[in-house]
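K.L.:
Going down the list, the protein sequences come from chains A and B.
Numbering-wise, the first sequence is residues 6 to 596 according to our numbering.
Numbering-wise, the second sequence is residues 238 to 394 according to our numbering.
Because the hints were derived from the structure by calculation, they are not lab data.
Watch out, some of these pointers could steer you wrong.
Ranges of calculated distance between the beta carbons of each label pair, as one might list FRET restraints [stated by the list, open to error]:
{"#": "1", "chain 1": "A", "residue 1": "Leu229", "chain 2": "B", "residue 2": "Ala272", "range": "27 to 33 Å"}
{"#": "2", "chain 1": "B", "residue 1": "Leu283", "chain 2": "A", "residue 2": "Gly26", "range": "48 to 54 Å"}
{"#": "3", "chain 1": "A", "residue 1": "Ile428", "chain 2": "B", "residue 2": "Ala271", "range": "43 to 49 Å"}
{"#": "4", "chain 1": "B", "residue 1": "Val257", "chain 2": "A", "residue 2": "Gly251", "range": "47 to 53 Å"}
{"#": "5", "chain 1": "A", "residue 1": "Ile195", "chain 2": "B", "residue 2": "Arg256", "range": "45 to 51 Å"}
{"#": "6", "chain 1": "B", "residue 1": "Phe279", "chain 2": "A", "residue 2": "Ala255", "range": "15 to 21 Å"}
{"#": "7", "chain 1": "B", "residue 1": "Asp314", "chain 2": "A", "residue 2": "Ser35", "range": "32 to 38 Å"}
{"#": "8", "chain 1": "B", "residue 1": "Ile308", "chain 2": "A", "residue 2": "Ala25", "range": "43 to 49 Å"}
{"#": "9", "chain 1": "B", "residue 1": "Val275", "chain 2": "A", "residue 2": "Ile252", "range": "21 to 27 Å"}
{"#": "10", "chain 1": "B", "residue 1": "Ile308", "chain 2": "A", "residue 2": "Gly182", "range": "47 to 53 Å"}
For each residue, glycine too, the CB sits at the ideal point set by N, CA and C.
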Amino acid sequence: MSSLTDAGALAMSVFLVFLAGCLFLSMLNSPDLRDAAEDFFAQRGSSTGTGGTGGSGTTGVAGALRQGLALTGDFVSAAGLLFLCGIVATGGHDGILIVAATALSPLLLKVLLAERLPAAREFGPGRSLGDILARRLPPGPARRTAGVATLVVSVPLLVAQLVPVGGITAAVMGLPGEHGAMAGIALTGILILACAAIGGARGSTLFQTLKAVGFLLLVPLLALLVLARFGWDHGAVVSRAAHGSGIGEAAYLASGRLFGTDLTGRLDTLSLALTVLLGAAFLPHLLTRLSTSRTAETARRSSSLAVIAVLLLCVTAGVVGHGVQALAGAQRSGGAGPHGGDDLLLLAAGLDGSDPARPGSSGTLLTFIACAAFLAALASASVLLLSGSAAVVLDMGRHRHAHPGKRNPGAPGARPRPLRARIALGAVGAVCIALAVFGREAGAQFWLTLSWTEAATVVLPALGCALLCRRFTLRGLRWCVYGGTLVALTLLALSPAVSGSPESVFPDAHWAVFPLHAPGLVSVPVSFLLAWTGTRLTPSPSPSASPSASASASRTPSSSSASPSATSREQGAQRPSASGDLLTGTTRGRD
Amino acid sequence: MRSAYRTGSSSEALTAARRVQLTRGLGLVLGVFAAYAVVSCFLPGLLTTEVFQGVRVLELGVLTQVSAIVIGVYRHDRHARRHVEPLAQRVVTRQPAAAEPAEEQARPADPAAFNAFDSARAFRGADESRGTQGAHRASAHGPRRTARTAATARAAT
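This is chain B alone, in the form it adopts within the complex (with noise of 0.2 Å):
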């Protein structure tokens, strides 16, 4: 994992590892249409330029599109594997961002049913470790669960 995301909380790591991929995934598809769509609207005839043995700019250009689309699924997906989830199942499993390799071989009940990018579920932990009886059950049952344990709380007192 990338030493940078090693600072903090788990869920300060998470938020800035997928922050990046959002950010590096845009930059790409925006800078490439960017790029292409100045060239052929703005400078057209450098893509009729041709480069060596009637190859040209423009099929040059096609052919780095392909490339940059084609890297770009590539690192997204080795991103996510490589930092995001496991930050998030550190987060459910609320192990510190630090933690030792053998206690992130930890994995929730249920993994089949976990998404990284549900934070009602990425931050059940965060509840539980407060202390509030029933917030568990609460959070797992979603946010109105969580109101309502609130208020019968206060009603209680």
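Okay, chain A solo, but in the shape it has when bound (with noise of 0.2 Å):
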């Protein structure tokens, strides 16, 4: 009983009442066993899916704020706002201009494809990727590569999730060790699996805004703490944290903290940049979470708030960056993984006097980070497992040949269930709690940066030409997501985060011959002329195939992808939707 009395004991029955309270709240939102796979996919009533309840208080200023409220949840990770911190307190300037590239990706999307992302009502709504690629190509070709291209993000990004999280769970149930760290990530990744595998979408909708809420008033809060202990003066709190750093305020304050200072190196951070900027803003359950919207004006709306929403959050990340620089130093924040993937419990152990490398010794304040961290990345995991559950039971199962909305619902068994729908989510969780077991000493930024490559040199490209670019073809897109996907995978193994130096994934092995340690930079434009080089390449259709054969083989979904010529098949974008882009240009008034 004494043992109870314990502050550390007592941090871990609190996480643990939250643990069940997580639970909890899944089973709550549990959907029919006996509804199809769409609905454990996607929210009932949030989309203009015909199988909808009609989606009352879906629309208007109610509906985007719940809509813009989760979007913000989707945007910001828990992986991602501890890199955020981290990189800030580590990397001074060089780190405010990532947090400036991350402040700026969801207004990217919003300007770029928010509005154009809600279907109308014949396509359903997008439940994912393949769903929306599948509006304008082939659908069973063009949602096999969607669901490769959604997989090859989410699964690094689940790990990103899981691998600072499993290590807070450790610090707070008091696991020592590598043991400790290995059954932290298990624990943390089989709890979040149960959670949404029993939620399905509506628990981790909940889930996702309650993180967004929580977001918005914890970090804030953190600033707020840090700037009071400095006297309200963010100045002191540089100056403090360029002292803490060890090397100088001109040296904390000048350029190149990163990668250094050659060109090289700021090519390298300038590189970093970009691909947080284009990869933030595309990754695939972002995007399946504005295609389930009723119409653009949700869209739209639910798009601003969550771009005023990430800003508030970016400005405050800053400040909470400087902090734990000013008030955990530069001793404590080299322990806290490469560039500081975990110093946000160094902030909350500096703020409240406890340790998070001792056992037993947690705080109130680490108590709460812990939970608040545990909820971020239950709900960012939560989506990013049903987003590949979705590519996997959706795009690349034996339904994907169905055209958006047209699922034929009649037809025996060819809705697939939420059974078959949980299995694939086991799947996908499972390899991701191996990876992210045998990867931790990767560091959750080696995962994210290699979620973000992917996303923008496979996502971007193939999702902008699909929506935006009236000529684009199925080959284009296979050529832009298998070739981008090759590409990002070829040049970040020859990098220096993965071998030849002292914080890359083999520190002892030196084979990097490209310089960069994100390679965004060359690999979304190397995607670009792939998918720009395989709709140029794409054979015309022969003037001798007659326009009644054309048209009987884009009649129907099953035919047009079960025996269609081969040029027939690259020709995805001669389907009539596309006749009628406005995003071109290119198409004449028809008045």
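Combine the two chains into a complex, taking the hints into account.
P.N.:
The following block contains the structure:
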């Protein structure tokens, strides 16, 4: 009984009660097992889907507010926020540049695609990336390609969520050493997997909303506490942070703290910022969230709210990052992982006097932050698991040839059941937990960089060309997705992030021949070039082909994908819906 | 509505309005990012220059960026409300660009389902104006129906 009075045991009890509450909320929001998997992947009534309940309250200001909060939660993941605080603490002005890129990325998504993602009623909601691409391209191959793109982005991002929150869980629960870290990651992963499998889209949306509200309260609160500690003088915080870094104010405030001051280092910083700007905006679960909006107006309003909320979080994260360096100092920040991935723990420790490295000394603020971090990781990982599961079931499963919104609901066994979706979710989750356990030494920043690079290299060209370019074809999609993935993975494998530096995945090996840690500066243009080349090299439809034959080839989804000619498959953009594309400006007026 | 959007057809005006919205938004985002990134990476000494009473160029730059994002959101939404959506509604109802204000009150039957950025729905009236029998239904139910209707008509003749 005496151990229960101990502060560490009390913190662990609070944490366990919090876990039980999360599971209970998931059960309350669990979808009916008799429903189709579409209801497991998208919240009922939140979309234009004919199967929805009409979406009461999902339009207007209230609907946009809910959607905007969920979108904010989608934008700012737990690992992303820890990464931002850490990179400001250790990177100085270079970190501020990364934070600025993060603040701009939701605005980029808003102006480029947000209002174009909600579908017309006949297409139904986009429950996966494949649903969005299948509006313009042949559904079967486009969905399969989109499924691959979703998995190569979502799996690393999910691993990046599990690694830091596993460490925080191990710190709160008093699990020391390597085995403690592994147990923390596995325990957290299994709990998150259970919550996502039980709650489905409704549960994950609720968690994302709670997470966004929590972040919007917690991070500004931490920033205010930091400012209050230094007499409400931000200049004093920066000066103290520069003093705490141990290198002097001039060196701390100089550029090149992340990757060096030479030209390669500056290009490396620029490449990382560009990767964050383009990658954080085009994550598949963000696009799916926007594509389930009922109208373009709802998507616009919700994205406006998300832009402002993310901006507030980024500004306060910058203050918190400097506060971490000021309160914890360089010596303790150095032990918080590459670029200070665990710095939020150090800040909590600095503010309430606890020690996260010593089991049983968890303070109140540390426990509170651990609960918030777990909730954030739970929410982010839930939507990522659902995104991966939708990619497997909807985009790569046997129903991938169905047109968006036309899944033959009357056919027996035609609608995938939630059981299949949950099995796929469990498989994706198991792979991610294994990757997180055995790849934890790589650090969350590596997995985040990998995910953002893939998103910027693969999803941005694929979706941007599919929605904005009238002549984009299936071959262009395949070239940019498969080729872009290959290029990004190859460049990253040959970069100093994997080998050749003390903070790399394999510090003792040296095969880094590509100088940039984040290869977005090269891989994104290459991917766009591949998309353009693939589209240009698509054979034109032969003039001898009769119009009726081409019409019958595009008549039904199954016939168009089951037995079309190679030319008609490659000419995916020749569907009549693209003929009135307003975005390219090439369509003449029809009045 | 801006006078530039009153010329030509409603479709052309809508195309121009959306192109302006896209280029302005992209220009703002990429311009702000490029300016900040170039200064941060290639003119590092400028950011630490003190302007007055301890306030550095970096802090002013952050303040400018925050303002630019807020203004960008406001202008993007205002442009959509004032130019894009009325033109898109007009295209759906097939009214001329210089329509009287009273005619602007006409709304489609289901405004909640209207998507100003969905070209297939925005051009629904184009098929109607051609007088093709069944084109309204075909367009309303997607492009595949259009192809099927055309093939059926050819087969019937």
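K.L.:
Take the hints in turn and mark each one as holding or not.
P.N.:
Results for each hint:
Hint check: Leu229 (chain A) to Ala272 (chain B), Cβ distance near 30 Å, so the stated range 27 to 33 Å holds. One distance hint, 48 to 54 Å for the beta-carbon pair Leu283 (chain B) and Gly26 (chain A), holds here, with the actual separation near 50 Å. For Ile428 (chain A) and Ala271 (chain B), the Cβ-Cβ distance of about 46 Å falls inside the hinted range of 43 to 49 Å, so the restraint holds. Under the hint 47 to 53 Å, the C-beta atoms of Val257 (chain B) and Gly251 (chain A), about 51 Å apart, fit the expected range.
The hint said 45 to 51 Å for the Cβ distance between Ile195 (chain A) and Arg256 (chain B), and at roughly 50 Å that hint holds. At roughly 19 Å, the beta-carbon separation of Phe279 (chain B) and Ala255 (chain A) lies within the given 15 to 21 Å, and the hint holds. Distance hint for Asp314 (chain B) and Ser35 (chain A): a CB-CB separation of about 36 Å, consistent with the stated range 32 to 38 Å. Under the hint 43 to 49 Å, the C-beta atoms of Ile308 (chain B) and Ala25 (chain A), about 46 Å apart, fit the expected range.
In this structure, Val275 (chain B) and Ile252 (chain A) meet the distance hint of 21 to 27 Å, their C-beta atoms being roughly 25 Å apart. A hinted range of 47 to 53 Å for the beta carbons of Ile308 (chain B) and Gly182 (chain A) is consistent with their spacing of about 51 Å.
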